[in-house]
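Chains as they are written, first to last, in our numbering: chain V, 1 to 369; chain Z, 1 to 369.
No lab work stands behind these hints: they were computed from the structure.
Everything numeric in this text was worked out from a predicted model, so none of it was measured.
Beta carbons: idealized from backbone N, C-alpha and C, even for Gly.
Careful, some of the hints might be misleading.
To be verified - To give an idea of the chain V side of the interface with chain Z (calculated C-beta under 8 Å), a few residues:
| id | residue |
| --- | --- |
| 1 | Leu161 |
| 2 | Thr170 |
| 3 | Met182 |
| 4 | Gly184 |
| 5 | Val253 |
| 6 | Asn307 |
Protein chains: 2
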Amino acid sequence: MWLMTEDRLESMAVGAGILGTGGGGNPYRGRLVARRHLREGRPITIAVPEEVPDDARVVSVGGMGAPVIGIERIIRGDEALCALRALEALMGAAFDYVIPGEIGGGNSTIPMVVSALSGLPVIDADGMGRAFPELQMSTFAVYGGACTPAALCDYKHNTVLFPNSADARTLERQARAVTVAMGGAASFALSPMSGAEMRARSVLGTLSFAEQIGAAVRGARLLHDDPIAAGARTAGGALLFRGKVVDVERRLVAGFARGNLRLEGVAEWRGDTLQIDFQNENLVARDGAGRLVATVPDLICVLDDTNGEPITTEIVRYGLRVSVLGIPAPHLLTTPQGLAVFGPRAFGYDADYLPLPAQYAAETVRRQA
Amino acid sequence: MWLMTEDRLESMAVGAGILGTGGGGNPYRGRLVARRHLREGRPITIAVPEEVPDDARVVSVGGMGAPVIGIERIIRGDEALCALRALEALMGAAFDYVIPGEIGGGNSTIPMVVSALSGLPVIDADGMGRAFPELQMSTFAVYGGACTPAALCDYKHNTVLFPNSADARTLERQARAVTVAMGGAASFALSPMSGAEMRARSVLGTLSFAEQIGAAVRGARLLHDDPIAAGARTAGGALLFRGKVVDVERRLVAGFARGNLRLEGVAEWRGDTLQIDFQNENLVARDGAGRLVATVPDLICVLDDTNGEPITTEIVRYGLRVSVLGIPAPHLLTTPQGLAVFGPRAFGYDADYLPLPAQYAAETVRRQA
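Please take these sequences and the hints and turn them into a complete structure.
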């Protein structure tokens, strides 16, 4: 158990943005809200997964919806706590810990806001090890089931409860419809589980992993070193491409930001192109000949070439100079049952998962760091 | 308190179809399910509103969605009971009575199915005195508020709960989104209220009103009399038009059947036309010169010319010979606060409510019958 500080929060948000692989919502506002709580004396407690009792009551909290909505409508700040309290009322029992649904992007900061408001510790783990666009794309669902009972809450505190959905896809479909009816963004509390279940179903250590990546990037910036190389090293990833954004196609479809972007290479990639498809998050990258370079669930991270800041799919635009980082996916995502939900076929691609070259990964090293 | 019989159920379904004003879903299947329960020895109890104790716990049950879905997907039969039980679990208390949300169409039969399954009496009253397409178009909402807590349940028993929506329109928007995600049709339990609140917020006596209309129509059929004239007489309405359907435009939009139909007159209406716009239910009727003939909340009922069977908006088609009946709306719908929700402007028309000529109505007589 340790206390979040402003500095570690800042690093965590930078790293979470990178692990968002283009989606997960921008962590900027969530970080501001969490920082205000720290400054006003409301501590944010982080729990190491190993110290959570087997019978502790754990619940996942976060936000749902198209990231672009989050740019136009400021969050109230207590939506996720409101969802958590509604779920407690439904279940007739209080929770002991919260856990991020996804470490990538803004959903990394929402549990910390809940922690500041409620005193509940945030577990250093999550259900994705990155960001994904749909609720069933979660290790909580793949290794646990339906994710219900679940609660959604909007900025007016309208609450919707899902006590017993048949499966996580049903919950995704129905909760997504509510989210769109709530104006495109809502906060959730879902996947209640015990401490023992949490350890079996979560990608562990991802909050501190995000913090380490962010600290490396921030350190390199201060030292006028290469922040992208520093981030890649810490994340166990490697540079896939460096180029300029020459085309962006983006539509808001059924509550998702869908589209693709095209890069023209610079430096050793001059003359090459890279195309990246996204659905909130970056899904697959192809070279100029149409060959796959990287696929989900591996992380395809588009970073500002000058400072390593993540470029999310709702703000990427013509002319930006970017580096594309590939980071191998956590092990729980690449098992056969993991790939059935997280792999390229789950997103409609007629292609198998193409793992990033083995030398990129130091999976066990970085997970135990 | 009285027990529903097969014969009275049959009459009630015919009358409810007429009061459905083209929508509310076809009562045919609901009646078959209710009849099966009667034949298998599960009684359906009807309670007179006056005998319900002031502190009794009452809840409204029914179905939500585009009527056309109900033609293609057979109901399971216990969806509304499942919604009711989920609402009881949420509120931590059991209900004593059910009340139809709308007497018009299939929603008149669903509470009887719930009664047969649960033993709870059905109150002889409802929240519309007819059928309307949206949840906030209910006297429970106009004279009571948000209609929450509420529960929706689909044919797989997936349940969604709405503990605290800001208002009935918010509930309508969010529950409609869930209904569409549930495949276009779902059953609900909503507007929990006390017996005293029920009496202040309901259109009273509508179940027996429907039964009387249906009995008059059925009696006239047996006696080779004019069933439409008999129905009109009993309902306090009058014939607005008689003609042939020459055009139907119908689209399924956002979970509603929207469109219009055009009639060419026969008998004394020869040479005239009548156009009726609908959103699940018939909303306004205009003559050949475009002048309003009748508007919501008055009932515009399209009946098969040969036997007085109601023609719902999802089955109306070219070539049918029909009579159009106008029935004055219940008083609770035509107060200023009623018209704000039930009047033509609530449906986007730039027109005031045009009450049917006074001689049609014998409001107090028929309501006290």
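Hint check:
1. Look at Leu161 (chain V): its Cβ gets to within about 4 Å of chain Z, closer than 8 Å, so that hint holds up.
2. Interface hint status for Thr170 (chain V): upheld, as the beta-carbon distance to the closest one in chain Z is roughly 6 Å, under 8 Å.
3. Evaluation of the Met182 (chain V) hint against chain Z yields a held restraint, the C-beta minimum of about 7 Å falling below 8 Å.
4. Because the beta carbon of Gly184 (chain V) sits about 12 Å from the nearest beta carbon in chain Z, more than 8 Å, this interface hint is broken.
5. Because the closest C-beta pair between Val253 (chain V) and chain Z is about 15 Å apart, greater than 8 Å, the hint is violated.
6. Checking Asn307 (chain V) against chain Z: minimum C-beta separation of about 40 Å lies over 8 Å; hint violated.
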